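J.: Go ahead and model the full structure; you've got the sequences and the hints to work with.
Be aware that the sequence shown starts at 20, since it is given in my numbering, and climbs by one per residue.
If you're looking for bench data, these hints aren't it; they were derived computationally from the structure. Be aware that one or more of the hints could be misleading.
Said to hold, decoys possible - Below, in silico cross-link-like pairs of lysine-lysine (DSS-like), each with a Cα-Cα straight-line distance of 30 Å or less:
no., residue 1, residue 2
1, LYS187, LYS161
2, LYS115, LYS193
3, LYS115, LYS38
4, LYS167, LYS145
5, LYS98, LYS67
6, LYS94, LYS187
7, LYS161, LYS38
Bear in mind the structure is a predicted one, so any value in this text is a computation, not a measurement.
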Amino acid sequence: MEILNKIELKLQVNQIIEKIKEGAIFIHPTDTIYGIGCNALNQKSVEKIRQLKERPTQPLSIWIPSIDWIKYNCKIDKKAEKWIEELPGPYTLILKLKHENAIAKNVSQKTIGVRIPDHWFSEIIKEANIPIITTSANKAGKPFMEDKEDLDQEIEKGIDFMIYEGKKQARPSKIINVETENIKKR
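T.: Right under this line is the structure:
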């Protein structure tokens, strides 16, 4: 497994984007905790993340390249518009999909959790111009990854690279069902 810091990453952005587009599984930082990700359009990679996390059926969230992506691929009403204005930030917005082909079928079905973290890695996702899976880098029901020493050994064996920026001391994003405006803190 290759571990990249922020400086090394800037030198290798094009190669990282290419790896993501090709289906690499990787650990990435966010504005909250570390996540495990892949190209959200690649069904095989999404399935590998599900196996690594031991999470076979629950929907997975995605880190999207832009607000325009939301407007094109999700159903937007006044409530959704209000929450979209809060992005970027530590929120996962649950929205209804307009286009089934916006993500791989094994990510989620009728709704999707979308994020734009307030984090420098958002620029790389924007440049890649594809959604990526962003789910906590831990097995289902286990503690979140805050430091590289927290990474489960089985997950570590299944990833292609890690972008590491030091210990995190945050909570996962707040999940907001924009239709009901129900906020779930984890």
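J.: Decide if the proposed pair is consistent with the structure: LYS161 and LYS38, CA atoms, cutoff 30 Å inclusive.
T.: This hinted pair holds, its Cα atoms lying about 28 Å apart.
J.: Please work out if LYS167 and LYS145 have their alpha carbons no farther apart than 30 Å.
T.: 25 Å, holds
J.: For the pair we were handed, LYS115 and LYS38, check the Cα-Cα distance against 30 Å.
T.: 29 Å, holds
J.: Hinted pair, alpha-carbon criterion (30 Å max): LYS98, LYS67. Please report holds or violated.
T.: Distance of about 34 Å is beyond 30 Å: violated.
J.: If you draw a straight line from the CA of LYS115 to the CA of LYS193, is it 30 Å or shorter?
T.: 18 Å, holds
J.: Would the pair LYS187 and LYS161 pass a check requiring their Cα atoms to be no farther apart than 30 Å?
T.: 16 Å, holds
J.: Regarding the pair LYS94 and LYS187, is the alpha-carbon distance no greater than 30 Å?
T.: 33 Å, violated
Taken one by one, the earlier hints fail for this structure at numbers 5, 6, listed in ascending order.
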